[in-house]
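Visitor: Heads up: the protein sequence lines correspond to chains A and B, in order. Its first residue numbered 1, the first sequence is counted upward by one per residue in full-length UniProt numbering. Its first residue numbered 1, the second sequence is counted upward by one per residue in full-length UniProt numbering.
Rather than coming from a laboratory, the hints here were simulated on the basis of the structure. C-beta: ideal position from N, C-alpha, C; glycine also. Treat the hints with caution; some may be incorrect.
Said to hold, decoys possible - Non-contacting residues of chain B with respect to chain A, defined by C-beta distances greater than 12 Å in every case (computed):
| id | residue |
| --- | --- |
| 1 | 2 |
| 2 | 4 |
| 3 | 39 |
| 4 | 44 |
What the hints assert, rightly or not - Per label pair, the in silico range of CB-to-CB distance:
| id | chain 1 | residue 1 | chain 2 | residue 2 | range |
| --- | --- | --- | --- | --- | --- |
| 5 | A | 55 | B | 69 | 55 to 65 Å |
| 6 | B | 43 | A | 187 | 34 to 44 Å |
| 7 | A | 200 | B | 5 | 22 to 32 Å |
| 8 | A | 127 | B | 47 | 40 to 50 Å |
| 9 | A | 201 | B | 47 | 52 to 62 Å |
| 10 | A | 149 | B | 47 | 54 to 64 Å |
| 11 | A | 201 | B | 6 | 26 to 36 Å |
| 12 | B | 47 | A | 141 | 43 to 53 Å |
| 13 | B | 43 | A | 189 | 18 to 28 Å |
| 14 | B | 38 | A | 51 | 33 to 43 Å |
As a plain string of letters, each chain reads:
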Amino acid sequence: MRLSPDELIFWQYDFIKLNATIVYTWGLMLVMVIGSKTITSKLSTGLERSRWQNILEIIVTGILEQIEDVGLDQPRKYLGFLGTLFLFIAVANLCIIIPGYEPPTGSLSTTAALALCVFVAVPLFGIEEQGISNYLKTYTEPTIIMLPFNIISEISRTLALAIRLFGNIMSGSMIVAILLTITPFIFPDLMIALGLLVGMVQAYIFSILATVYITAATRASKSRSETGQ
Amino acid sequence: MLIDWFTVIAQVINFLILVWLLKRFLYKPILNAVDARENKVANELKNADAKEAEAQKEKEEFKRKNEEFDQQRNDLLNKAKEEAQAERQRLFEDVREEASYLRAKQQEALRNEGQNLSQEIGRQTQQEVFSIARKILTDLTETSLEERAVDVFVQRLRNLQDNEKKQLASALSTSPGQVLIRTAFDLPQTQRDSIKKAIKETLDIETQPRFETLPDLVSGIELNTDGQKVAWSIADYLTSMQKSIDELLNEQPESKSKSEPQTKNNKAKTEPQTKNNKPRFENEPEAEQELEAETNEPRPKTESEVKTRPATEYNNPRSKKELETEQEFDAKQESEARQEPDAKQESEAKQKSEAEQMPDAKQGSEAKQESEVKQQSGNSPNLWPR
């Protein structure tokens, strides 16, 4: 019984190893890139368009709308990062219906990696938007005393992101595995359906949280400058 | 340990690669396509707006042109109507003018015809009158007409106005040898002497007049000198009668119904006076005339017969007008004949009696007499209308 697909190692050389997480991630990446490339290679700019193009347009524009709803002024600028985050998590979670598949998001290494990306990306976007000094000042808000707490909250929320996703997905996979041993019929399917729902919700939560963090980082100076001036 | 740091790093790298790939292959093309479509839709909407505006503009333009066209058409139609009206009016005027011209022409022709007819009648009447007069005169001259004509002429000389006398005297004194006395008959020496004497008495001038016989004078006598003329002839009576006939003729076409009873009245008036002794049928005037004419020739020449009906070629049937002239002629003849026994009667008195018998012709003949007298004593060399 494995808690994480990391434990399934196909090939290893010293500390370099190809475990199931990396391999499935590559597989997902291939599917996503090839699928999108296939669809977007024959895009039509007219009113007539293919169903696949229509689906991708709906997805992309939906993500854009969500980012905009959260409060980011230029959603296209953050679409690459936030959209990929959502799509990767969603696709990885949806693929649990494929037998023998283990979602890479069920590995704490993957979720930690994504959380790290967010952890790095938030200050980068914040600094890009309002300059490094302004961004760093946000840690001293409202007073300098809050600086350690702000730093702690920054780290803790990253940890929370990683653990939340990992816990949900891992628990879903675990429940399915356990149920398969007890009742091989019907119940695992229900749990898989539940796992699909949870996976979608988690993907949404993760990307929305990341958006909120970025928004907070980019808009803090704006609101302050607006109020200050 | 659940976290494998190599896997973490690998996943971070994988994730970044995925971000780049998706950006390149998914977001960019999809967003470009969406943008292009939105632009296209916006453009098309804009174009549609523009086209709609243009269509609206064209519609208004068309409407305006249509109205303009309607206006022009109405104008043209009205103009054509007016022109047609004017043309109709013009044609109407033309026709009216033509009609009036034709009517005038017709009237002219009628008038000419009437004139010709009256002239013809006058001419014929004159001829008849002359022939009758000649007949009478030839019948009577043998007895005493020359003497009486000379008497009347002498009387006229004596009765001339003073200024007329002066004029005549001056004319005679300038050329005493030029005095010419024309008569329709040969004057006996006693008559010539009496004329000479009368000239001397009235004008105190001794003259040696030349005497000429001229049958055209119609039982008349006239004295001609340098531009002056004193005359007496029955031709003037004939002329006045002609004039009264003309008046009657002119009256007749205007109001035939009016003039007819007049002529009948005339007839009724004159007939009993002239033909008292004749048997007649009062109710049939036309037949009566014919009867008379027929019975004219074989009858013995009683005095009354001679007075009223000299033997002429009156036997052919006549129209009423001619009968009328006959009546007038009768009256005239009668008055003349009446004049004959008393040779001293003057022409004016004679005219009066004639006028009494013909109330219609009275005015005309009187006026004629007056003008005649003036002409006779005046300077005009040509005194006689006929």
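Visitor: Looking at the structure, which of the earlier hints fail to hold?
Guide: Checked against the structure, the hints that fail are numbers 1, 2, 3, 4, 6, 9, 13, 14, while the rest are satisfied.
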